[in-house]
Amino acid sequence: MSYDEEKQYSGHSLTPPLDMEQKHAAATVDIDSRGASGEQEYQGTLVKQDNGFLSKLRNIEAVMDRRLGVESEAITRKRPDEREPLTWRSQFTMCLLWASGTMNLSCFATGFLGYEFGLDLKQSILICLFASILGGAVSGFCATLGAATGLRQISCSRFSFGWYPNKIIAALNTIQQIGWSAVGCITGGIALQAVSNGTIPIAVGIIIIAVISLVVSLVGLKVILVYERYAWLAYLCIFIIIFSMTGRYADNTTPTALTGADLSGNVLTLIAIVYGSSASWATVASDYYVLYPATLNRSKVFILTTLGIGLPTATGMMAGCVVSSALNNRPDWLAVYTAPPGNQIGYLIQTMLYPRGFADFILVLLVLSGVNCNILNTYSAAISCQQFARPFARVPRFIWTFLCFGVIIALALAGRNQLLAYLQNFLSLLGYWCTSYFTIVASEHFIFRKGDFRNYDLEVGLPVEILRSSTRSLTDS
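Letter 351 of the sequence shown, counting from 1, is numbered 351 in the UniProt record's numbering, and no numbers are missing.
No wet-lab data here; the hints were simulated from the structure. A few of these clues could be false.
[Stated by the list, open to error] Calculated lysine to any residue pairs in the SDA-like style (CA-CA distance at most 25 Å, straight line):
{"hint": "1", "residue 1": "Lys122", "residue 2": "Val267"}
{"hint": "2", "residue 1": "Lys300", "residue 2": "Leu236"}
{"hint": "3", "residue 1": "Lys222", "residue 2": "Thr295"}
{"hint": "4", "residue 1": "Lys122", "residue 2": "Leu236"}
{"hint": "5", "residue 1": "Lys167", "residue 2": "Pro340"}
Quantities reported herein were computed from a predicted structural model and do not represent experimental measurements.
Let the sequences and hints guide you as you build the complete structure.
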C-alpha cells in the first residue's frame with residue numbers, strides 16, 4: 001500500500017479502500033470524451049484522469065485486467081479479503097514455482113565455473129549443494145513476509161529501510177532482475193544457435209527468448225503461478241538424462257592443482273557466486289505470496305521456498321560440474337567447448353547427448369528453461385520500477401515491462417560472447433547486496449518488531465514508521 005493510500009486511510013477518511021471491481025470502474029474513463037477530468041485512485045495514489053496519454057494507458061490496462069487479469073494495481077497491498085483460499089495445489093506451488101525458475105541452462109552454465117577455477121569435482125559439487133541451500137534460506141525468510149503483509153517484497157522493505165532509502169533498493173532490484181533476464185536470454189540464444197547448427201545467430205536467439213518472456217510476464221501473477229507450477233518437471237527429467245549419459249565420463253580422481261591462498265580464494269569465490277544465485281531471489285520472494293491467506297504457516301513457507309530454490313539450483317549446477325569434469329576424459333568434448341569464441345555450452349550438449357535428434361530436442365527444452373526464469377525476473381522488475389517514485393507508479397505495469405524488455409535485450413546482446421565472465425562478476429555482486437538486504441530486513445523483523453507481524457502497522461501507522469525506520473536504517477548502517 002502506498003504512502004498516500006495509508007495516509008488517506010489513517011487520518012483523513014474512514015472510508016475503506018475500494019475493492020478490485022470498484023478500482024476497475026474508477027480506472028475506466030471515456031477516452032472519447034473531451035474536457036472531462038477528475039481524480040481517481042490508482043496504485044494507491046490520486047491521479048488526474050483526463051484525456052491525456054497516461055489516462056488512456058491506465059484505461060487500457062483496466063480493460064486488460066478485467067478480461068485477462070493483467071494486474072492493473074500490482075503494487076497495491078492485497079487485503080485479506082482479496083486473497084485466494086489455500087489448497088494443496090497452491091501449497092505445492094510454493095516449492096514448484098521456484099523449481100521451474102531455477103532449474104535452467106543458466107545454472108547449468110554456472111556449474112562450469114568450478115572447472116574454470118581449477119577445482120576438482122568433489123569440491124565443486126559440495127559448494128554447489130550447500131551454498132545453494134544457504135542462499136535459498138535467505139530467500140525463504142523473505143518469502144514469509146508476503147502472505148503475512150500482503151505486500152510485494154520491495155514494499156515490505158519500506159518498513160526496514162524507510163520511505164526514501166527504499167527507492168534505492170527498488171532501483172537496485174530492477175538492475176538485478178534485468179541482469180538475470182539478460183543471462184537467461186544469453187543462455188537461451190546459445191542453445192538456439194546450436195539447435196539451428198549456427199543458422200540462427202545468438203543475437204536473434206536472444207530476441208526470441210526475450211519476446212516469449214515478455215508475453216508471459218505481461219499477463220500477471222495468476223497465470224505465472226499456473227505456468228511455473230508444472231514447467232519444472234520437464235527440466236528435472238532433462239538433468240536426470242544429462243547425469244545418466246555423461247556421469248560415466250566424470251573425472252572424480254584428478255585432484256585440484258591449487259594450494260594455499262589460490263585454493264582458498266577460488267573456493268570462496270565459487271561459494272559467493274553459487275550463494276548469490278540462490279540469495280538473489282530474496283528481493284522478489286514475497287511478490288509471489290501476496291495471494292495466499294494471511295494466516296498461512298510461515299514455517300511451511302520458509303521450508304518449501306528454501307528447498308524450492310536451493311535444491312533445483314544445486315541440481316542444475318551439479319550437472320554442470322559433472323559435465324565440465326568430463327572434459328578431462330573426453331578431448332572431443334573439450335574441443336567443442338573451447339571452440340571460438342569459447343564457452344560453447346550449446347554445441348557441447350548437442351555433442352554429448354545422443355542420438356542427435358534427441359539432443360536437439362533437449363536443447364529446445366533448455367531454451368524454454370530460460371523463459372521460465374525470465375518470466376519471474378521481468379515481472380518483478382516492472383513492479384520495482386513502479387516504486388521508484390509516486391509519478392512512476394502512475395505509469396501502468398505493462399509499460400514498464402516493455403521498457404525492461406528493451407534494456408534486457410541491450411545487455412544480453414552486449415554480453416553474449418562472455419557468458420561465464422558475465423556470470424562470475426554479476427552473481428558475485430548479487431551475493432553481497434542481497435545479504436545486506438536480508439540482514440537489514442531480518443533485523444527489523446526480529447529485533448525491532450519482535451518477530452510479530454502485529455507490530456507492523458499495515459493499516460494506520462505507515463507515515464510514522466517511515467520516519468522511524470528511515471532514521472534507524474541510516475544511523476545503523
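How the hints compare with the structure:
1. Lys122 with Val267: At roughly 12 Å apart (the allowed maximum being 25 Å), Val267 and Lys122 satisfy the hint.
2. Lys300 with Leu236: 23 Å, holds
3. Lys222 with Thr295: Roughly 20 Å between the alpha carbons, so the hint for Lys222 and Thr295 holds.
4. Lys122 with Leu236: 22 Å, holds
5. Lys167 with Pro340: 42 Å, violated
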